[in-house]
Amino acid sequence: MASTASAEAPASPAAAEQAQGYTPPPAEKPSDTRRRSYIVWSYWLIVVFLGLPIWWQTTAIHRASLPLDGMMQWADGKACRPVFPLQIEIRADALQEAEAQHLVRLTQHALDDLNEFSGHHLRLQLAPKNGARAAPDDPEPALTIHCRPGTAATSSLSPEEPRLDITYPPGAAPQLTSASSSPLATYITNELRATFAEEQSIIAYLLSTSSMAAAGARPPSLAPEVAEALSRRTTRSLRYSPTYHLTFSLFTDRGLPNAWDIEAALEEYIRPLLEVLKPIHNFTVDTQVQLYATPGGAQQAEVLTKEALSSFINAAEWPLSPFIGGAPTVNFLLYVGNQTIQLDGDDSTNTAQSWMIPQWGTVYLLPLPRADAHVSLATLKQPMLTFGGHLLSLLGTPVSGSLPVRLSSLTRIRSTDLLLRASSSLGSLARLTEKLPSIAIPQSVADGVETTLRHLEQACANLGGVQGLTHARIAEQEVERAFFEKSMVGQLYFPDEHKIAVYLPLLGPISVPLVMGLISELKNWIARRKKRAEEAKEKKAQ
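So that you can map any letter, position 340 of the sequence shown is 340 in UniProt numbering, and since no number is skipped, the others follow by simple counting.
The calculated lysine to aspartate or glutamate pairs, modelled on EDC-like cross-linking and capped at a C-alpha distance of 20 Å, are:
#1 Lys-278 with Glu-140
#2 Lys-78 with Glu-450
#3 Lys-523 with Glu-535
#4 Lys-531 with Glu-28
#5 Lys-29 with Glu-521
#6 Lys-486 with Asp-447
#7 Lys-129 with Asp-165
#8 Lys-78 with Glu-457
#9 Lys-129 with Glu-161
#10 Lys-435 with Glu-485
#11 Lys-435 with Asp-76
Simulated from the structure, these hints should not be mistaken for lab results.
Please build the complete structure, drawing on both the sequences and the hints.
In structure tokens, the structure reads:
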């Protein structure tokens, strides 16, 4: 029975379908097959030759070309050998022309033998007797030495101009027959070294803490205590800005005083200082009177220790009005009270009336009778003089020397600082662009870098004068603007993972049908090729 059923079973699935009355679909026409292939391939052609180029063009990140090698050379200190040539003129009208020239040569040899910092070089020349410059474009000397005969060797710096007055006793002037040094040449050498010693130490410290130390002009090594003092000075000084805003505030814990002669005090004690600082900085000034209660814990103390200053001087809570204009604000606060500040130890006599806050300003404690309603100009003299001295300290001005010499040194110090900061920012920008290949680099950044490099070259060539400061300031401003470009900063917070999260929901539903259709079409094409190959083989066999 089983063998009979097996014999009557259909021979194939097609025969079984026919036995059940099922009619298979007709074979696909070749034209339909080609039409389906054309549709699939047309979609892929549109995607490849139209969609991808449009997507690439609209989403491509513009990266302007940057001179990365040149930027890294500045950052590594290889593009500039910092040299500070200080032109010093010697005027010795009492000597003959040949004797004066011999004095200049002997002094120059003595300076060169003692100088340990070749980058900070004092160049001596004999001043013309008529006072005229050899050429109109020649820079003004950093210092002029007036040598006059006298009874003893003395020296004094002029408070009004960069001039060093030296008197020398008889017999101190060099003789033409003597090739060795003379007492006058030795004395001038020692005075010049003492005059520019602080400037040389500050510049040497700035270079030693940067990559410029490897540029060829190695600064001399500084003693640990000197380096520590210069570090504190750098921390205390304000960051360089072409413009500062000065705010003078009168604070009182009662209704009196309510007026002060601030305009007259500023005109007499502050304006002259701001005028001489104008080649380096510009200033804007405002004044205010504020009513503010004495902070708790300090109202009963007449002598404040440094530990109590943190509660007494509370710059975060004082109602100061900061200048809204982009320039840093320097605060000078006159607080009416009978307190004094204890400086060191337990000796109550070692006290002061003022306290300078690093990178912020100064607080001056002014004792006044409680009945005084007005602060006179005479009372404001000492606070204003203190504010002027502290302003110079906050700007980073050297301490030793006359004011003209200190300001001349400040120009070179600020030029060095700006040059080093601009070079470091160039290196940071170059490393950033190399580390983040997907970050956008607009053309404005490339233009800023080009401008920075051009002005850095000019600054490096003119480090001894005001032109070097001007070029260094422009270079630092341009590289800072390029480094903090808005379009670049925005790309820092858009990593590749975010791009995947954005594109995947959009491209997933579109790419799956396209990929599956392409795979199906490739399978059909392979099947047709095999079928044609088998048919050709059968024909060949027949």
